[in-house]
Amino acid sequence: MSLYKDWTDMVVDYVKTKGEAAFWKDYGEIETQIYTKLLANHVKQLNGKIEDLAEEYKTSSVFYMGFLDGINDSLKEPLDLESLEKDSEVDLKIDFEKLYFNMLEAKADYLYNLPQWEGIFSKEKRKEIKKSWADSRTVVNKTKIGRNEPCPCGSGKKYKNCCGKK
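149 is the number that numbering that gives the first Met the number 0 gives to position 150 of the sequence shown; each next residue is one higher, with no gaps.
Bear in mind the hints are in silico, worked out from the structure with no lab data behind them. Check the hints yourself; a few may be wrong.
Claimed, not checked - Below, simulated DSS-like cross-link-like pairs (lysine-lysine); rule was C-alpha separation at most 30 angstroms, straight line: (1) LYS143 to LYS24; (2) LYS129 to LYS75; (3) LYS24 to LYS126; (4) LYS97 to LYS143.
What the hints assert, rightly or not - Per label pair, the in silico range of CB-to-CB distance: (5) LEU80 to PRO151: 35 to 45 angstroms; (6) LYS157 to GLU19: 16 to 26 angstroms; (7) GLU96 to ASN46: 41 to 51 angstroms; (8) GLY118 to ILE144: 46 to 56 angstroms; (9) ASP25 to PRO114: 41 to 51 angstroms; (10) TRP23 to GLU76: 21 to 31 angstroms; (11) ASN160 to SER135: 47 to 57 angstroms; (12) CYS162 to ASP51: 49 to 59 angstroms; (13) ASN46 to GLY155: 56 to 66 angstroms; (14) THR16 to LYS122: 34 to 44 angstroms; (15) VAL10 to ASP90: 18 to 28 angstroms; (16) GLY118 to VAL139: 32 to 42 angstroms; (17) VAL42 to LYS122: 48 to 58 angstroms; (18) MET9 to VAL138: 18 to 28 angstroms.
Note that the coordinates shown come from a computational prediction; the quantities given were computed from them, not determined experimentally. Glycine included, each C-beta is placed from N, C-alpha and C at the ideal position.
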C-alpha cells in the first residue's frame, strides 16, 4: 500500500472519529511547523528519503505525506504521490512564487502570513503576487445581458428581477 493511500485513509478516519475541525487544527500545527522551518532555510536543498525528512521536520511519514500532497502543485517537477513509500527518495524543487500564490488560493492565512516569507520576498513582491492571485479570480463577463433577458443563473426570472437587481 502506498504512503499516499495511508495518508488519505488516516484523514478519513481522523475526521470520522474526531471531526474535521480537530483534523485541521492538528494538521495545521504540523504544517505550520514544517513551513516555518522550510521557509527559514529556503536556500537549503530539500531532498532525501521521506522517512528521514519526516524525522527532520519532527512528524510522522504519513503526516509528511500530507505536506507533500499540499506542496506538490508548487513544485517545479511534481511528484507521483501514489507511488511514494517511506523509503522513497524525493527531491523537492520548490517554486516559492507559485507556493505563495497557492497558499493564497487555499486561503491558508496561517501559512502565507508567516514572517519567514520576508526573507524570501519583499513586501512589494508579496503584494504583487497577491494582486496576481486576485486578478486570476476576477470574472469578466464579455457578453452584456439585457435587462429583460432570462437570468443566466437559471432561475427563470428576468435578469432585472434576479441577479441584475440593485
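Numbers of unmet hints, in rising order = 1, 4, 6, 7, 9, 11, 17 and 18
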